[in-house]
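Engineer: Residue strings, one per chain:
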Amino acid sequence: MSGHVSPVSLYVTIFLSLMVLTAVTVFAAFVDLGPFNFFVALVIACFKASLVIWFFMHLKYQSALTKLTVATGLFFLMILLTLTMVDYSSKGFTPMPSILQ
Amino acid sequence: MSNAVVHADSHGQAHAAHHPALQHHFDTMGQQKEAAVIGMWVFLLTEILFFGGLFMAYMLYRTWYFDAFAEASRSLDIFWGALNTAVLIASSLTMAMAVRCAQVNKRMATVNWLILTMILGAVFLGVKVIEYSDKFEHHHVPGLNYKWAAEHPSTALGAGAPAPVAGAGHAEPAAAAAPHRELSLSPEQLQLTTQIYFSLYFTMTGLHALHMIIGIGLMSVITWMAWKGKFDAEYYTPVEMSGLYWHFVDIVWIFLFPLLYLVERP
Amino acid sequence: MLDKLKIPEHHYLNNGHSLKSWLLTKDHKRIAIMYLMSISVMFFIGGLFGVGIRLELATPQGDFVSADTYNKFFTMHGVIMVFFFLIPSIPAVLGNFLIPPMIGAKDLAFPRINLISLYIYWIGGIFTLYAMIAGGVDTGWTFYTPYSATGSNTNVIPTAIGIFIAGFSSILTGLNFIVTIHRMRAPGMTWFRLPLFVWAHYATSLVQVLGTPVIAITIVMLAVERGFGFGIFDPARGGDPVLFQHLFWFYSHPAVYIMILPALGVQSELISTFSRKRIFGYSFVAFSSLAIAVFGFIVWAHHMFVAGISTYAAMVFSFLSFSVAIPSAVKTFNWSATLYKGAISFETPMLYAYGFMGLFAIGGLTGLFLATLGLDVHVHDTYFVVAHFHYIMVGGAIMGYLGGLHFWWPKMTGRMYSEFFSKVSAIMVFVGFNVTFFPQFVVGYLGMPRRYHSYPDEFQVLNVMSSAGATVLGLGYVLPVIYFLWSLKYGQVAGPNPWGASGLEWQMQSPPLTENFVETPIVNTEPYEYEHVVVKEKHLV
Amino acid sequence: MSIFGIPIFPDQASTFAKDVDALYFFILAVCAFFALAVAVSVIYFGIRYHKTHDGEIGARIEGNLPLELLWSVIPTVIAMVMFGWGASVFYHLRRPPDEAMHIYAVGKQWMWKFQHLEGQREINELHIPAGRPIKITISSEDVLHSLYFPSFRTKMDAIPGRYTELWFEANTPGTYHIFCTEYCGTNHAGMIGSVIVLEPSQYQAWLQGGGLEGTLAQRGAKLFNDQACVTCHLDTGQGRGPSLKDIVGTTVALQDGSSVVVDEGYLRESILNSQAKIVKGFQPLMPTFQGLISEENLVALIEHVKSMSPKATTAAPAETSRTPSRGALQPTAPAGEKK
Ligand code: HEA
Ligand code: HEA
Ligand code: CUA
Ligand SMILES: [Cu+2]
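Chain order of the listed sequences is A, B, P and E.
Here the numbering used here is used: the first residue of the first sequence is 1, the next is one more, and so on.
Here the numbering used here is used: the first residue of the second sequence is 1, the next is one more, and so on.
Here the numbering used here is used: the first residue of the third sequence is 1, the next is one more, and so on.
Here the numbering used here is used: the first residue of the fourth sequence is 1, the next is one more, and so on.
Be careful, since some hints might not be right.
[As the list claims (entries may be wrong)] Partner residues are not named here, just some residues of chain P that face chain A (Cβ under 8 Å, in silico):
1) F297
2) S310
3) Y312
4) Q509
If you're looking for bench data, these hints aren't it; they were derived computationally from the structure.
Using N, Cα and C, we set each Cβ at its ideal position, and we do this for glycine too.
Please construct the entire structure, taking both the sequences and the accompanying hints into account.
Structural biologist: What follows is the structure in structure tokens.
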């Protein structure tokens with residue numbers, strides 16, 4: 001009845017991993033990776049967020065519907081970001097499909 | 001379609017074991033709890049898109065004015081940012097512990113973990129106050145005699161020789177203060193575009209802080225309820241819900257930290 | 001036989017008479033009634049601004065009101081009609097009232113949140129009405145920057161805050177519906193036994209929950225820019241005004257489906273009930289609602305074809321815009337096919353349903369003109385667009401709303417309204433509407449721009465037609481107020497199922513009990529089973 | 001075109017008008033067909049299957065998959081035709097031919113200011129020759145506006161801090177409306193004017209009549225002196241700034257290692273915010289003229305610089321769809337960030 005009870009050790013492990021990943025984020029920021037700095041920072045942040053969602057927020061033990069809810073949120077966020085960027089990133093986009101010429 | 005759903009009168013059945021927290025329009029505690037959980041997640045979904053609009057603006061201007069963002073971000077103190085990240089992650093742990101204690105019916109432990117979580121939340125906000133007042137001092141608040149001065153801590157970090165000079169050599173002092181990587185922005189432009197950075201900085205962190213304040217407010221009520229013994233192993237939904245909310249706020253910060261503090265540090 | 005019917009002794013309306021029993025109620029039906037009253041007030045306020053617009057445009061010179069006043073008129077008209085009338089209309093009134101009984105539940109999943117959302121709506125409304133009384137706003141309902149941020153010196157922030165607040169009401173309603181539909185269905189009420197009204201509301205709720213937060217954050221950004229001088233969209237500070245438009249339309253395009261989807265749901269119920277026939281292709285109609293909701297999120301930049309977006313992006317968005325037309329076409333054709341071999345009768349709700357078919361089709365089809373790139377360049381921001389959206393919002397959504405209100409009125413109040421006057425009103429609305437807005441297509445293609453307080457002389461005749469039509473339309477809208485109020489006292493007692501409809505809600509008494517059903521119903525029939533209803537009817541009388 | 005004196009169809013005064021109207025009538029026909037098909041069947045069913053007795057119910061029909069697919073696929077196909085046709089008209093509308101005659105328009109609350117290269121300046125009036133493609137580069141001094149020529153079936157928003165452009169070829173002499181179609185405040189409805197299409201010979205005559213201040217480029221040349229540009233930009237290349245001779249259309253190497261093609265957007269940026277892109281080998285000495293030069297003068301200066309590159313035939317436009325020339329503040333993505 002009372003939902004899944006995770007062991008304390010799991011929580012502590014997640015906590016420690018999050019701390020380590022924070023340290024890695026800061027460290028990675030000072031290494032010059034060119035454009036990859038941004039990429040690395042985002043990947044780590046996504047990974048941290050997943051840990052929190054999956055274990056602290058118990059998504060792992062929730063119904064498929066709840067998981068679907070989270071997925072929906074991310075999906076529509078992606079629509080917002082990518083379709084808007086379609087405009088901005090194509091301001092220099094000259095080659096047109098030749099059937100239109 | 002299935003006819004497996006042939007509950008007998010589920011209404012009457014519910015009356016038999018009526019938990020005090022069961023609302024009249026639900027049949028079972030299980031149904032009630034599930035409804036709350038989904039409701040909360042749907043709410044968090046709206047929060048994702050709420051912050052999403054800001055991330056969109058951030059993404060665009062960061063691409064356009066990368067140098068300004070890098071410059072402005074260097075003026076933030078990584079120490080405070082990292083500290084706050086750690087504080088928030090710790091508070092997520094204590095929050096998770098609070099929910100766990102509620103699950104296993106440890107009343108006082110729940111209360112204590114909740115209080116600890118609120119303390120950590122308050123520490124976070126305290127650090128934010130320090131950072132904000134620093135911005136006020138440095139005229140880094142957009143709209144309020146905003147001023148972007150070239151001299152700030154990061155210039156000291158700047159290595160690299162000043163840009164090579166050719167042509168007639170009228171070296172101006174401004175050139176000497178050039179940071180370690182040649183910027184393609186003039187002081188006037190930095191003045192404008194760093195302001196965009198700080199506008200986003202304040203909107204993002206401000207809304208995040210507002211969410212924390214609301215979270216602490218929620219939690220004080222929940223703590224009080226927990227102390228009064230309103231929850232048990234069967235009904236602790238409010239603790240769990242405020243936990244979900246708090247973790248979400250933590251996640252937002254997990255993204256804000258690298259995006260705002262670590263634009264370009266090497 | 002009819003006069004044997006009596007209003008039942010206990011029902012939700014007489015379960016407590018004090019003001020407090022209303023203001024603190026958690027009963028979804030009472031909340032729906034309070035919404036009904038609030039949005040009706042808003043509709044008439046918005047409509048009066050519309051009348052102001054039409055009066056001004058009766059002559060080419062700007063002689064009735066000043067240019068500034070006119071600008072405030074259409075802004076307040078748009079803001080009130082969109083955010084305070086049409087978005088809450090069907091969901092908050094009919095949806096609130098009917099979704100729980102339709103799925104066999106006692107209430108929504110979160111009755112307290114439902115009440116809170118009403119209060120939030122009121123607070124938002126008060127902000128906006130305050131802004132209006134304190135001088136109004138003149139940015140247009142679209143709030144484009146930089147005009148809204150730096151150009152206008154009217155009450156932009158109070159209005160925007162009002163919209164922001166009302167947005168939360170909309171989010172909470174949607175959230176409540178989603179959870180209710182997922183978790184509160186009666187035993188045996190599977191997804192494919194849900195009335196199509198519920199499907200439509202499920203899709204609507206998705207849009208409310210996913211879209212509204214984005215307008216909220218956009219308003220926050222606009223407010224900090226205007227209020228604190230932050231630079232986010234202001235081109236003078238390096239910002240991009242077009243970004244505002246992207247964010248605005250990311251919500252506001254899907255929002256048009258918040259307005260139309262519930263009406264599409266009502267339409268399905270009406271068509272089925274008054275042809276006493278199952279909906280043709282139930283699952284297609286059900287899924288087309290979801291498809292409209294999802295596709296609605298990928299077309300927004302069709303409002304920005306000449307706003308400086310790239311040629312490539314314009315093509316992508318034009319292409320995607322047509323995707324919404326397909327599920328809409330499926331719905332339209334399925335309704336028509338439902339009528340085939342039906343047993344059709346023309347009570348007032350069916351008149352509205354017929355009106356809806358025609359006007360929604362015209363409104364939607366002119367949407368295709370606008371989605372077509374080469375053509376939109378010419379008609380963008382002309383009266384062609386104005387005509388398009390009034391056809392859909394007034395001809396479509398309001399027709400659906402009025403149809404639904406007439407349909408479920410006996411359920412809500414236990415009494416019938418005058419059949420004669422309601423038919424007169426329906427015909428007046430239909431005729432008045434067409435006379436008002438059809439000329440606008442013509443004048444729009446001629447090139448008359450929107451938001452013009454005066455216009456070149458040659459457009460006058462068409463504008464006078466439009467203004468004349470608006471008078472008939474307005475009167476058509478006043479009639480229902482009179483006969484509905486009249487029916488409360490003198491109307492014939494309706495009985496539980498005056499139309500011989502099939503939904504679960506018609507198994508409740510009229511007006512229903514506070515807890516809807518005496519016993520949780522167990523569903524073991526498919527939706528829209530009229531064989532079954534006829535048997536029951538016979539049994540009843 | 002009009003019936004009983006009521007206009008019902010706008011003049012067709014440009015080469016686009018026919019294309020756009022053909023598209024319009026095509027969509028109108030398709031839509032009328034569908035609207036009528038729906039209306040007729042609905043009314044027919046309403047009469048034919050009218051309920052005859054109490055308790056009558058409709059036939060039990062669940063649906064019909066082939067039929068459903070049919071009426072999903074047909075609209076899809078028709079919609080794709082509309083899209084394709086519309087896109088090709090639009091593409092044409094967005095690509096000014098190279099030989100187009102060039103005019104500048106500046107929107108400002110609440111007037112349109114036009115400048116001809118020959119120097120004529122007009123407010124809320126625009127004289128153009130028939131039979132020549134004309135490209136208008138649009139900018140705004142305050143808020144959004146939109147330049148609309150209903151009889152030419154084209155419009156484009158004016159966006160502060162940015163150039164946008166539209167083009168058309170008028171083919172019927174006459175006087176037609178100019179409207180502002182983007183709401184811009186109090187007198188938005190007053191921001192109207194007329195475009196006067198003249199026979200080429202008349203246009204020449206009109207040009208002779210005006211232009212007291214010399215051509216746009218000549219005005220620019222004067223400004224080039226007055227603003228002291230000449231003090232640094234010597235044609236010899238010996239000045240503190242680079243020579244501006246023959247730079248338009250060429251690629252200039254920049255300090256940060258990247259390079260840029262010299263077009264209007266770049267010239268605009270170089271003048272308003274010279275520090276945005278520093279030419280390789282030079283100091284960032286040039287003052288920023290942001291706020292010191294009006295849009296009109298800016299246009300004149302740019303024209304003058306362009307006239308110093310007689311060989312550059314294509315005046316390399318700063319078209320929104322090609323470069324995010326944001327004027328005052330060019331979005332600068334350093335090489336590393338660019339994808
Ligand atoms: C309830 C409101 C509502 C609805 C449902 C719609 C539905 C649609 N709208 Fe509309 N629209 C508005 C409200 C609405 N709109 C408003 C308010 C504005 C102006 C905003 C402002 O600027 O102030 C606007 C503006 C607007 C524009 C921008 C115009 C401009 O400013 O230049 C465009 C452009 O693409 C557009 C397109 C569409 C399309 C393709 C649909 C489609 O969803 C329509 C789908 C329906 C059908 C297609 C009809 C049924 C189908 C058939 C009968 C079968 C035949 C079908 C085929 C052959 C394909 N709308
Ligand atoms: C749900 C949405 C909705 C509804 C219902 C309406 C209803 C009406 N609208 Fe609406 N309209 C919009 C949404 C809506 N509008 C939007 C979003 C805009 C764009 C705003 C912008 O540009 O920012 C707009 C803009 C708009 C314009 C263009 C203004 C311009 O661009 O300059 C016009 C012009 O005719 C107009 C007219 C009308 C009329 C005549 C009605 C009628 O249907 C109203 C009928 C109601 C009544 C008449 C009131 C009730 C009757 C009485 C109180 C009795 C007394 C009255 C008489 C006897 C006449 N509207
Ligand atoms: Cu300028 Cu409207
Ligand atoms: Cu749209």
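Engineer: Against each hint, give a clear statement of whether it holds in the structure.
Structural biologist: Hints and how they fare:
For P:F297, the interface hint holds, since its Cβ comes within 8 Å of a Cβ in chain A; the closest pair sits about 6 Å apart. At about 4 Å, the closest approach between the beta carbon of P:S310 and any beta carbon in chain A falls short of 8 Å, and the interface hint on this residue holds. Interface restraint check for P:Y312: the shortest CB-CB distance to chain A comes to about 4 Å, inside 8 Å, so the restraint holds. A least Cβ separation of about 34 Å between P:Q509 and chain A goes past the 8 Å threshold, and the interface hint is therefore violated.
Violated hints amount to a single one, hint 4; each of the other numbered hints is respected by the structure.
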